[in-house]
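A.B. asks: Fit the two chains together into the complex; they arrive one by one in their own frames, and the hints show the way.
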Amino acid sequence: MDEARLDHLLDQYQQLVDGGQEPALDELCRECPELRAELSRRVHRLHKLGQILGDPVAVEPDPLSLSDDRTWVTGATPRDGTVVEIPAPPGYEIIAPLGEGGIGVVYKARQLGLDRLVALKMILGGSRVREIDLARFREESRAIAALRHPNIVQIHEVGEFRRQPFFSLEFCAGGTLARALSGQPQPPQVAANIAEVLARAIQSAHDKNIVHRDLKPGNVLLCVDSDDQAGGHSTLIGDGPTVDVAPRLLCNPELILKVSDFGLAKRVDDDSGHTVDGSVMGTPSYMAPEQARGELKSIGPLADVWALGAILYELLTGRPPFKGSSVYETLEQVRTGDPVPVRQLQPKLPVDLETICLKCLEKEPRRRYASAAELANDLKRFRTNRAILARPIGRLGHAYRWYRREPRLAALVTCILVLTATLPAILVGFNARLTHTQDMLAETRRANVAALQAERAAYLNAEAQRYYAGISAAARMRAQPYVGWTWDARKQLADACLAGTPDRDPMVIRSELAAAAGSIDLRRKSTVAEGHLAGAIAFDARGRLAIAPHLSQPLLGVRFVALIDPASGTEKRLPFPGKLTIRWSDVTTALTFSPDSRWLFLGLRSGTVIRWNVTAADPTRFGWDAHTGEVAGIVFSPDSNWVYTASYDGQVKRWPIDGDGKKAAAAWPERPANPKARLRSGIAYWTGARTGVLVQGPGGAKLLDPETLAELGTNDAQIAPAFAAVPGEILAHPASSTVIVERGENLDVVLWDRGICQTVSSLRDAILENGSAHTGQIEGLALHPSGMLLATICEKEGLAKLWDLATSELVATIPAASGRAIAFSLDGRTLAVGGDHVTMLYEVGGLREQIYLGRRGFPIRAIGQTADGRMATIAARRRADNPNQGSIVASIWNAEGKLEHSVFQQADGQLRAEHFQIAASPASGQTVFHAGNDELIWLNRGGVNTVPVKFKHDGHIDISLDRTGRAWSAEGTEKPGMREQGWSDAQWVSAGWSTGTRRDLTCVCAADNCLVVGCENAYVRVIHPDGGPIRECECFERNASTFLTDRANTVRALCVRNDSALAVAGTEDGQLWLVGLPDAKPLGHWRAHSDRVTTLDIDPSGEWLVSGSRDREVRLWRQTGERFEIYLILRHSRPIRHVAFGNDGNTLLVVPEGETAVRCWRLNELRKCFVDIGLDQ
Amino acid sequence: MSESLKTTELQDLVDRIRAGDRHAADALIRRSAERLEGLARKMLRDFPGVRRWEQTGDVLQNAVTRLLKTLRKVTPDSVAGFFRLAAQAVRRELLDMVRHYHGPHGLGRHHESLPDGSSGPLSWLAIPPAEVRNLERWTAFHEAVEQLPEADRELLELGYYEGLKTDEIARLLVVEEWTVRRRWNKAIRQLIVALGDEIPSL
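The listed protein sequences derive, respectively, from chains A and B.
For the first sequence, this note's numbering gives the first residue as 1, with consecutive numbering after it.
For the second sequence, this note's numbering gives the first residue as 1, with consecutive numbering after it.
It is possible that part of the hints are untrue.
To be verified - With a straight-line Cα cutoff of 25 angstroms, these simulated BS3-like cross-link-like pairs (lysine-lysine) come out:
hint: 1; chain 1: A; residue 1: Lys380; chain 2: A; residue 2: Lys363
hint: 2; chain 1: B; residue 1: Lys69; chain 2: A; residue 2: Lys323
hint: 3; chain 1: A; residue 1: Lys363; chain 2: A; residue 2: Lys297
hint: 4; chain 1: B; residue 1: Lys69; chain 2: A; residue 2: Lys363
hint: 5; chain 1: A; residue 1: Lys491; chain 2: A; residue 2: Lys1168
hint: 6; chain 1: B; residue 1: Lys73; chain 2: A; residue 2: Lys297
hint: 7; chain 1: A; residue 1: Lys323; chain 2: A; residue 2: Lys363
hint: 8; chain 1: B; residue 1: Lys69; chain 2: A; residue 2: Lys297
hint: 9; chain 1: A; residue 1: Lys380; chain 2: A; residue 2: Lys348
hint: 10; chain 1: A; residue 1: Lys297; chain 2: A; residue 2: Lys208
hint: 11; chain 1: A; residue 1: Lys323; chain 2: A; residue 2: Lys348
hint: 12; chain 1: A; residue 1: Lys662; chain 2: A; residue 2: Lys579
hint: 13; chain 1: A; residue 1: Lys525; chain 2: A; residue 2: Lys491
hint: 14; chain 1: A; residue 1: Lys572; chain 2: A; residue 2: Lys525
hint: 15; chain 1: A; residue 1: Lys1168; chain 2: A; residue 2: Lys525
hint: 16; chain 1: A; residue 1: Lys48; chain 2: B; residue 2: Lys186
hint: 17; chain 1: A; residue 1: Lys380; chain 2: A; residue 2: Lys208
hint: 18; chain 1: A; residue 1: Lys363; chain 2: B; residue 2: Lys73
Unchecked claim - Some chain B residues judged to face chain A by a derived CB distance under 10 angstroms, without partners named:
hint: 19; residue: Trp178
hint: 20; residue: Gly196
hint: 21; residue: Pro200
What the hints assert, rightly or not - What follows is a list of derived Cβ distance ranges for each label pair:
hint: 22; chain 1: A; residue 1: Glu254; chain 2: B; residue 2: Glu198; range: 53 to 63 angstroms
hint: 23; chain 1: A; residue 1: Ser1101; chain 2: B; residue 2: Gly20; range: 51 to 61 angstroms
hint: 24; chain 1: A; residue 1: Glu254; chain 2: B; residue 2: Gly20; range: 55 to 65 angstroms
None of these hints come from the bench; they were simulated from the model.
Even for Gly, the Cβ is constructed at its ideal location relative to N, Cα and C.
Excised from the complex, chain B in its bound form (with noise of 0.2 angstroms):
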């Protein structure tokens, strides 16, 4: 489903879930995995601990499965909210993953330098500082965007999580699109201040 949807295909899929149609519950779903999927290999693309770490296939499989859980369970009001809904879990789906590379406990915290100054005793799995900078900086990215106030959140939600169209987005919030271009370009000048200048890099 990577082609643009149609307000009224839409609208007929969420009346057909709520009418309890598993497969219109999966076709979107379908492609909120395929969005987490995408962003995630967008995001951790160029981390060189990403590759060697077998487990990534793992983490990848339990942010899919838990997204797939959590959507399962949800029965959506309107188009918009299920879409929303969906971009929350994958936000938070990509919280935990670089969290899971980047947290207190991560994979990626031995790269720390020991007390001494010394090297540690496996440094030669060292990851390059600018890039564990880079994991902290979308830690703070998808965070700040939770920071966000709601109207300029559900911009991002809808746009960034679940990569949805300006016109998708106006159909969606029945909007003219050039009040979602207007409100986009807030959401981002607003993201711009809370990150100063750590924005991650690609």
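Here chain A stands alone, though its shape is the one from the complex (with noise of 0.2 angstroms):
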């Protein structure tokens, strides 16, 4: 058919129609007659269609405005029931239908066991009905079965019938109110007597927490008592009771009421979906505003309270209180409209019940009664003559009214009512109304001001609530840290933070975000290569990660290693060398960058390398046979031109980079002794004291010489001991002579360094019984680039594990299912775990607010600067079996935290005395330190000089340098006495001088002219050398100024201020006190720790004092005025052996009990943390 034609065809058509013309079709279709049926019908179609739409044309008035046919709005119209052939549920025989409502068709029924007459209520539709009204309908039954009272509808029965579900209730014969009323309006007394009992019963049903909400005349339905229940006799609501009988029947006092579909009734607590879809329900005229307004949340009994304020209404005026032409005028009526007052329509109602009346059909619900039972109670007293409660709206209530109804001309009204009223009363009573104006002023002032307090009060107490949260969950978590809590920890006090609470301390924020930022912890980040079991991961310099599957199967096109860079997502697969002869399925072994990130080498079981050129776009692939056995490991030269393999096969190789394979430039041994041997093997390039390819030969491990592969002299036959006869993989850190030896389910932390080789520690998790650290074979290790976190993953146990080198404790165990690979980045913020199908990136945390230095290996035992600034340490550790003999190793490093060199170190050397001291001298360029045997090591810029000195006593010996360059030793001896020593030269000096009471010296700071000396007796005593020669003792006996802080506290620690006017002197038992130089004054103390005060550091800006003590805390102190304030507290987990600031100011050293490594916090690095939260700013 020819749509075009044909719509251009009717376009004519309505164009002449428009233009009121009466087109004629034939004279249309005249040159296409064909058309002429199918545009007759579209002609047709056309008529209808305008019918429908309307014209926009005609502007008569619209024909679909609201004067006629409310019925439909208002409610049902029972249909005649000409077909009656209903099937019924069992017991029961169906007589006719009395009504339906919105889901439920109701019948008059005979109940025939009983032989009684009740109403049956049947759903609609059966199965077909929605699922929301089959639960109205059983909330339905379940409401009415909730309630039991005489002026409520009662259920007889609940059932199912044929699937559908069905209760029966009692049979009410005498219709509705609704019906009874009429549209009559009746006595006061009657109408007060229903809406009493009504409330009664509505009362009842709130009692059990139903809500009706469709409370109107039409659902109280009549009974009286003369009805006849057996019988078959009373007639149906269609020819019921008619309009004039009503009121007889009303007044009837054996008239019984009873309250019926609850259909729409809620549980006020019940949260069922199916009443919250937003919908209105309820009937217009009788709905309280609050649902109306469709506010489901605050529809509770008092909508009830207002529907029987509405029904009351009715009683008495004959209509219902708000009724408008359409629905939504009748809504929009209820909402904002005040109704008609009673007494305009029924001049001779009593007041009170008009009061009664409106009070229910309050807008807002508080205003309304407070309950059912309460109106009821009201209602009563009416009709029993006595005093309402309620009172009537008065004048101002009707100006609220009016005002809420015309905010705007109520608010211009009462400007001019207020200018108005006021001038003549200035005018006239200016005194007594002002002061009765200011009365009332003050008045409102105090209660706003009692609201504004009482406000801010809840505010603070919520503030201070989300205050300690937060910083109770840090706490929490900083007890019972989990993966990842100190990301959660730092929120939770960033929360706290912004809490505004006159609780807020910033020091706790400070120390508990400090042992957030302080804590080493991982975070997952994302994950890569899924679908891949990683057999090798490895990062390069770019942060870029390869990845090998651990299986090379051909079938499964698994012949390839991933290349993933993180940032960007992006993966490019390397695939292996085409010509290469792989065995059919191959497992990867080693997978390594160089060091300049140019070549990736992987290493598979079979003794195949392959190697790719990872610079070029489409990266070059080469591979050949190196080994007989399994690549165990492939480490490279650090300019990356040679490359090493160890293999199972006990052969180590060296190839050039970029060589063709055929011909290893150095191989070791020559010839494999017994090529069948499967020893393990682990492989690193070591560049301490000496350089070489450290192996775990099939005798223990070896050091190669990078060149020739030879075996290294014997001077280093000292590995021998250590690594004998473990066969395992080994993990090197030469910055910290560190190295790694894996034994199977164990790990070995050894130092090496000249002439020191010792298993410091080996690592195990306290759960493990056996003091192992896995439960199973180690199958990867991992060394973060620091060189004080080690990754390990356990293939059986499905778990990486990771250890804090310098405490020897595990800090994570994160899961890792059948893991098998493990790799930190080259900066180390990640850490790449293998695990099934899968390889996890975690962030890692902590490292950066502190970071450790100095690790040696040996436990820390006094850390201090030396002449030129530099940090030194002394390490030691004492022999198990004769703690007089140990291993020491004294340390210098440079700024970055490299070792600069050893002072000194001896194995198994004598160690006899507790006390390890670093003195210097930056003026006189002298160091001295003195490691617990009798010798002192001088170092300057000559060198080092070693003197043997005979000290007094093995316990207490203090040094501190002068100026000069002398050293001072408080030496703990009942003689107490100083020494002064020399470069060269040691002589002891008789000190001498009385105290009166013989006391051990225990500690001394020498400052720019005096001397401070700490004294067991509880004294700090200050000597003026007073520029005399230091061997007059008297000089000291006559400038010793004494003053007592407690005479049962021993003085532990000391410390001068830069400017010699400070001393501050710790305790026994935590008191810290400050001396003032060089007169000694006392100038104040505090108690600042709950043990002894072991340690003492005033920075060089002399702002900050730090104090390390037994309590296992370091407190920051910072000078206010004459004060030391707290800035916050780092909690360790063993007691404080050291503590003292860097020189820049910027860094805090502090060394715990037994770790091996100094914690270097970076103030400034906090300081931002700090600012980060909004502390500090």
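C.D. replies: Spelled out as structure tokens, the structure:
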């Protein structure tokens, strides 16, 4: 059919009609008679559609105006049941339909067994009804069943018939109240009586937490006691009592009212979704304003109170309080309009009843009766001629209502009224009124202040809760850390920091934040290489990640290495060389980038090595058979020119990095002694005192010459005992002289330095009884670039673990099912953990605000600064079998924390005293080390000189250098003395002053022109050399002024401020004492710790004081005025041995007892953390 | 507001709405609500089931309330924009209403014969098939309007769902009246093609 043509024809037709003509179809179709029939059909449709759409041209009144036909809005018109063939549930006989509700149909029926009349309510539509309707139906039956009240329709039975729910109710023959009323006003007493009865019935429902929500005259049924329940003669509603009889019926004292139709009832405590679909339900005229607004949440019992008021209104006036010409209008009236006062319609009505009625119809629920019972009681008071409680709406009330209706006009009128009222007031009774106004104002102000205070208190309370919640959550996490806790704790603290409460203590937040910042932690970042079990992982310097799938299986298409850039998420596949003959199924064992990140090497179990040049866009690849057994490790020379491969065939080979693989440049041994030996082997490139390739050979660890692979001299024979017969992988961190040796399930940390090779610790998981690190073979090891963290992975256990080498403790355990490979990125910020079919990338937290320095394997015994400002440490370890012997390393570190040189080291030497000391005198360029034996090691520009000293006492020896380079030692002897030490000489100086009580000296600190000495009897003595020779003992005695702190307390730590004007002493019981110099004036003291203060320092600027204690806390104090105020607390797991400020004033060095590294807090970074969350800005 | 609106008045109303004057919005919204009520009543007037079912009132209230809620959220850019949004809401409510009576789960569905061909247990409530078909046609009608091209739908939205007169539409869209007329005719022709014989009757 020619659509375009037809359309054109129809268009013409329309235009003609619009032009007022009556087009003839024959005329239109003259040229195309074949289209006439279709055009005719369309014209017919056009007219039909025109009827529906109306014609917008027509300007006559809208045919859809709202004048008539409102019956369908107001409710049901029962249909006469002409077809009466209704199957009834067993035991019932249906007599006639009574009416239909929204979802149910109600029949009058006879219950056969009991032979009584019932109302039988069944659901419409059976299985086709919506779930929500079923739910409402059940809700109704439940609601009615829960209620037992003479004025509520009682339920007889609930059941199912033909999969349709039904229930039977008491039958009321009197019809509904609506029908009985029929618009006729009732006498006040009758109306009050009916309303009271209904109110009490509704109250009983409210008592059961059921709100009716659709109370209206149509839902109140009437029974008369004389109703013949058993008889079948009761009339249907349809031809029930007529309007004429209704008044009589309502006045009948035997009339019983029954509230019915709980179809919309809801349980106040029920939150089932089916009433919360946003629909407004109920009947508009009787609907409470909150219901009309659709505020489902606020529809409660008071909505029923409103409805009761509306019913009372209708009883009194014959019409509901609100009735518009449309639903919209009615809803609007309910929401915003005020009902016509009852007495305007019924002037003779008692005022009280109007008051009661209007109180129910208050828009705001809280202004209504608080409950239906209160309404009932007031109605009863009215009926019994007592005073009602409700107060009529006064003029103010009316004004308020008017104001609510017309806020703008009201404001204007109010302004005018106020103006006109106050003007004469000012003129006439100025004074009195002013006083009164002032009183009023004061009262108002007081009320306002009280309200503000209450509001403020509530706010503060909430904010305080927020603060404490954040703080305690962070503290809880610190006490019971889990993987990722530091990030959570930071979040909590940031939130706590925002809390506007005076309880907020910045020190507490700082301390918790420092704890989170200083802790090593992991957080899952992303997953890469999904679908592959990683056999080996390597990072390059750019942060790219290479992952070799464990199984190289051509059938599965896994003959490649994935090169992934986590930053961009891109993955490139580097295929194996095509020409290479690779075993059918092989396993990847080693994967490494060269130090310059140009090359990627992969080792396979078959002994094959594959190489890619990864700088090219399309990486070139090459592979060769390097070994006859599994490639165990691949390392490079630092210049990336040579590659070394170690294999389980027992050989180590050296290859040019871009060679053709035909012949190794060197091999060790030349020929494997037993080619079939499957010795485990590890390999590492070592750059310590000697440089070489460190391998695990059959006879133990060997250091091989990096060029010839010849075994290096026997001077390093000490290596052998430590590594001997240890088959396992090795990892080396030459910067901290550390070698990690894996022995199956165990891990040993070995210190390997000139002259010393000792296992310094064995890492163990506290929950494993056998003292091992894992319960199965450790498959992979990775060392953090800092050398302070070790990551291990165990396939059998399915776990990866992160170890802190400074404390030798386990810091995190993470799941790694079937994991075999693990690696740190070169920046140390990412840990890749290969697991079953996915590789997880974790962010490594910590090691930013607090880093580790000065690790030498042994526990740090003392830290200090050399005369030229470098950090110096003494680390020592006593032998378990002989405490007087042990190994010592004294080291000096550069500003970057790299080992500069070892001042001295000795293995298993004499180690008697517990006192280790480093003292320096920048002015004289002298530094002195005392390492627990009878020697002082002097260090200056001239070199190192060891001077034997015979100390008097093995216990307390403290040494300090004065500006001239003399060493003063406080030796705990019964005869206190001082010792002056020279560069090459040690001469005992008898100090010999008399203290009156003989007490040991415990510590000494040299200031510019005096010495400060701490004693066991709690004295701090300031000794002025006074320019005289030190030998003049009396001079000390004469000039020494004394002050007593607490005689029972021994001074345990001393420090002097740079300007030599202030000394701080810390005592056994945790107090700090400020002592003014040089006159030893006491300046104050306070309890700083709960246990012995072990160490003190003041920063170069003199603003900051740090104290460490046996109570495991380091406290940082800031000088404000005359006082030091606590700034933050650093909590550790062990007693604090030593604290010191770095020279730059931005680092704080902390050594807890027994840890093998110095914790270096970078205060600038820490302050940034504080600023980040809004502290200290 | 059943009398015609002058465009300036309309524009003034919209300006006031945009300035946050709720009363101005209410005037327009009220107009739409009344139109919805009128259209619904017309659409369902002769549907016999409707009179029986009390819930009709509820359904209409729901529709009106939802419409109010929807429109109160709207901040129109132009008068036409407002009317079109209102018309969409009205259309949606009408569709919902038809579906309520005649959806897959609608109340009107129990007229269907049982599989054995006998009448269902509630057959005395049965709705004559012709009336059911008319409801189906109403559904099709509203859906067809929805499917019309933007420009045609606009005309029906303003003219039918919002009940605006030709001159009002012309002022709203800033076109000549005869253009409105022409586009209106075109929209109706499209609708006729889309609906075929299935045009609902009143």
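A.B. asks: With reference to the structure, classify each hint as holding or not holding.
C.D. replies: Results of checking the hints against the structure:
1. A:Lys380 / A:Lys363: 24 angstroms, holds
2. B:Lys69 / A:Lys323: 22 angstroms, holds
3. A:Lys363 / A:Lys297: 16 angstroms, holds
4. B:Lys69 / A:Lys363: 20 angstroms, holds
5. A:Lys491 / A:Lys1168: 15 angstroms, holds
6. B:Lys73 / A:Lys297: The hint holds at about 20 angstroms.
7. A:Lys323 / A:Lys363: 16 angstroms, holds
8. B:Lys69 / A:Lys297: 16 angstroms, holds
9. A:Lys380 / A:Lys348: With a Cα-Cα distance of about 20 angstroms, the restraint between Lys380 (chain A) and Lys348 (chain A) holds, given a limit of 25 angstroms.
10. A:Lys297 / A:Lys208: 18 angstroms, holds
11. A:Lys323 / A:Lys348: This hinted pair holds, its Cα atoms lying about 23 angstroms apart.
12. A:Lys662 / A:Lys579: It holds: about 15 angstroms lies between the C-alpha atoms, which stays within 25 angstroms.
13. A:Lys525 / A:Lys491: 17 angstroms, holds
14. A:Lys572 / A:Lys525: 20 angstroms, holds
15. A:Lys1168 / A:Lys525: 23 angstroms, holds
16. A:Lys48 / B:Lys186: Holds, at roughly 16 angstroms.
17. A:Lys380 / A:Lys208: With Cα atoms ~23 angstroms apart, Lys380 (chain A) and Lys208 (chain A) stay inside 25 angstroms; holds.
18. A:Lys363 / B:Lys73: With a Cα-Cα distance of about 24 angstroms, the restraint between Lys363 (chain A) and Lys73 (chain B) holds, given a limit of 25 angstroms.
19. Trp178: Holds. Min distance 9 angstroms.
20. Gly196: 8 angstroms, holds
21. Pro200: Holds: closest Cβ of chain A sits about 7 angstroms from Pro200 (chain B), inside 10 angstroms.
22. A:Glu254 / B:Glu198: 53 to 63 angstroms: Since the Cβ atoms of Glu254 (chain A) and Glu198 (chain B) sit about 59 angstroms apart, the hinted range of 53 to 63 angstroms holds.
23. A:Ser1101 / B:Gly20: 51 to 61 angstroms: Hint holds: Cβ distance 59 angstroms, inside 51 to 61 angstroms.
24. A:Glu254 / B:Gly20: 55 to 65 angstroms: 60 angstroms, holds
Of the numbered hints listed earlier, not one is contradicted by the structure.
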